[in-house]
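Enquirer: The chain contents come next:
2 protein chains.
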Amino acid sequence: MKIAVDAMGGDHAPQAVVEGAALAVRELDCTVILVGDREVIEPLLAKHSHPEGKIIIKHASEVVRMDESPRKALNHKHDASIRRIFELVQSGEADAAMSAGNSGAAMLAGLLVLGTLPGVDRPCIGSVLPTANGKVVLLDAGANVDSKVHNLVQFAFMGHALARYALGIDRPKVGLLSIGEEAGKGNEVVRTTYKILKKSDLNFHGNVEGGDIFNDVVDVIVCDGFVGNVALKTGEGVVQVLATRLKAEIKASLLGRFGYLFMRPALKRFKQRFDYSETGGALLLGLDGIGVIAHGRSNPVAIKNAIRISFDYARTKVAMRVREEVESSAELRQSFGEKVHQVIDQIKEKKMDMDLKDSTSSDKGD
Amino acid sequence: MKIAVDAMGGDHAPQAVVEGAALAVRELDCTVILVGDREVIEPLLAKHSHPEGKIIIKHASEVVRMDESPRKALNHKHDASIRRIFELVQSGEADAAMSAGNSGAAMLAGLLVLGTLPGVDRPCIGSVLPTANGKVVLLDAGANVDSKVHNLVQFAFMGHALARYALGIDRPKVGLLSIGEEAGKGNEVVRTTYKILKKSDLNFHGNVEGGDIFNDVVDVIVCDGFVGNVALKTGEGVVQVLATRLKAEIKASLLGRFGYLFMRPALKRFKQRFDYSETGGALLLGLDGIGVIAHGRSNPVAIKNAIRISFDYARTKVAMRVREEVESSAELRQSFGEKVHQVIDQIKEKKMDMDLKDSTSSDKGD
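Same order as they appear, the protein sequences are chains A and B. Using our numbering, you'd call the opening residue of the first sequence number 1 and step up by one each time. Using our numbering, you'd call the opening residue of the second sequence number 1 and step up by one each time.
Keep in mind that the hints were calculated from the coordinates and are not lab data. Hints may be right or wrong, so weigh each one.
A pair counts as met if it fits within one copy or between any two copies, since identical chains are not told apart.
Straight line, CA to CA, 25 Å or less: simulated BS3-like cross-link-like pairs of lysine-lysine [stated by the list, open to error]: (1) K47 <-> K173; (2) K2 <-> K58; (3) K268 <-> K247; (4) K268 <-> K251; (5) K47 <-> K251.
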């Protein structure tokens, strides 16, 4: 199993990436191909011990910066490391590509090089997140803004496939992120998507709210990338603020500090469970091949975990599984591509002579 | 100062509302008018001591349930408590209205009875939230879905006014919620709103991300109601999950339990700071009068705090202040009403010959 890793991508690249790769090959039965500036990578790699021959360096002369426009950068930088990793997957030299760099550029490079699965209009970012008592797949976690109904429907089916093979749930419960549980709640795209998913053969739970994301109400949460990104970053921000405040409160009193000594192991386990660096990377779902993106702020441990996730996805051939699921489900084929547009048009024309009569009213959220 | 309170609104109404009202009039120099079913309210009120004459009951024979369609319910239920509270404000019998009931119905009733401030197309929900080191105004917290550019621009100016008078900040920093800090990041509505706010005389900080909401980066956060609602509920959900997990971790070990004894005061202060029931209610901003909504799950303490907030808003005449600000700012007048549409049309036609050349590209978020 070979994982192509963008050595130049991320806020702490290449140092953190090189160290993370060394950590990964010590733990995992895989080879890492570090793609980037050989002259920079070689001396860094020499600092970290790793099994002979399990890290290969492939030179790439260009880098897409975190703040660059993905489209512009990839138009000009043909030898960018973030593009080369996908080319290695495309040529069969690697089984998965991983980058902690500009996530928009990673998605676009994956799209340009690997293309999408048949029937998928837009790939999305599928994140597997820790919840109160388990895990949940959230998608789109930030690749697509202004998603249309057929995009959300495709996300739902892809999320269903991901939850089956990544979480091992046979018939995952799919929820649609909205601002109220009732069918009529949400914006126009969400209200229409609700109706289509309700008619699909998915195990569709209905709408879920922001408070349900981490609450094990469903296994898959479907949303537009703008909304998903805001939700995830809000959650992450809250965890950080709470940790900081908790520390401040503890330090503010002698009793608190004394208590902390005893609670440290419990707090550490707790931190481990909800720390992004432990959860690794997110899957670029819908590409015809396996691409994983990691957090821009990834430290070596986060990089190692993102490589581990890439390894797991490559081993379980998740892209192929999603493709099989896409191809085997008649409902999915129907929902993909042109037919879903027909359904939407029908709904708009008929103003829904279905059971949901109040659905086109502009009900407010709670 | 008189506050009209919807005695029948909320998951724990009328019990929690009546008890909260009794708590409020013991602490605050105000009179509460409890609006709802007199026969139900009277015996409940008898259970809670309160200063003579500071709680008045006004009978209303109908109730809008939490799961009812606001529009349908208000079309038929003319004597609904959630409508009557706004009528008391309209007639001058009360200085503010407060409900913990169906928030969509509260907004619609406020709109029907009080109307909007001149130049405001759609009122919104303005929430004042605790942050790491202070407070932040977030709007819209859930009243409007599919907000247009001119709505977001109006929210920005109303949020500016609210932050001035509710947070006491002279020149509040205004941020636009998006999925990346750069100008080109976000969906189409957000990208266009960015350009207009950039040209306004507001202290516009630019885009902020979900992780910045509780991080004191700005004083005002502007977003569509769908996005704001998801973000707030996600944040709330994360707090709950973390509290539950932390408790579980602590209880899992003897050391942890021992430590907890010492840390309890610190944890309690911490909980108080981030507990929604302590923060009270949110303002229906843009109405021509003061309306406050509280969380549906409000317990008596949350109700008391929402009444306290209504009292504060009434005392500082926040609606009038917002109106003054609307009227005194030429920029605001320009942005309100028709002119903002002209600006948007200009932008669309010219494809922005401003400094932001890349802004119409569909850049992905990080």
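Enquirer: If the cutoff is 25 Å on CA atoms, where do K2 and K58 land: within, between, both or neither? Let me know, please.
Expert: For K2 and K58, only the intra-copy Cα distance (13 Å) is at most 25 Å; the inter-copy one is 74 Å.
Enquirer: Since the copies are identical, ignore which copy is meant and state whether K268 and K247 lie within 25 Å (CA to CA) inside a copy, between copies, both or neither.
Expert: both (13 Å within a copy, 13 Å between copies)
Enquirer: With identical chains treated as interchangeable, where does the CA-CA distance between K47 and K251 reach 25 Å or less: within a copy, between copies, both, or neither?
Expert: neither (37 Å within a copy, 42 Å between copies)
Enquirer: First find the shortest C-alpha distance between K47 and K173 inside one copy, then the shortest across copies, and answer within, between, both or neither for a cut-off of 25 Å.
Expert: Neither, since 46 Å and 46 Å both go past 25 Å.
Enquirer: Measure nothing new, just compare the shortest in-copy and cross-copy C-alpha distances for K268 and K251 to 25 Å and report within, between, both or neither.
Expert: both (17 Å within a copy, 14 Å between copies)
Checked against the numbered hints above, the structure violates hints 1 and 5; every other hint is satisfied.
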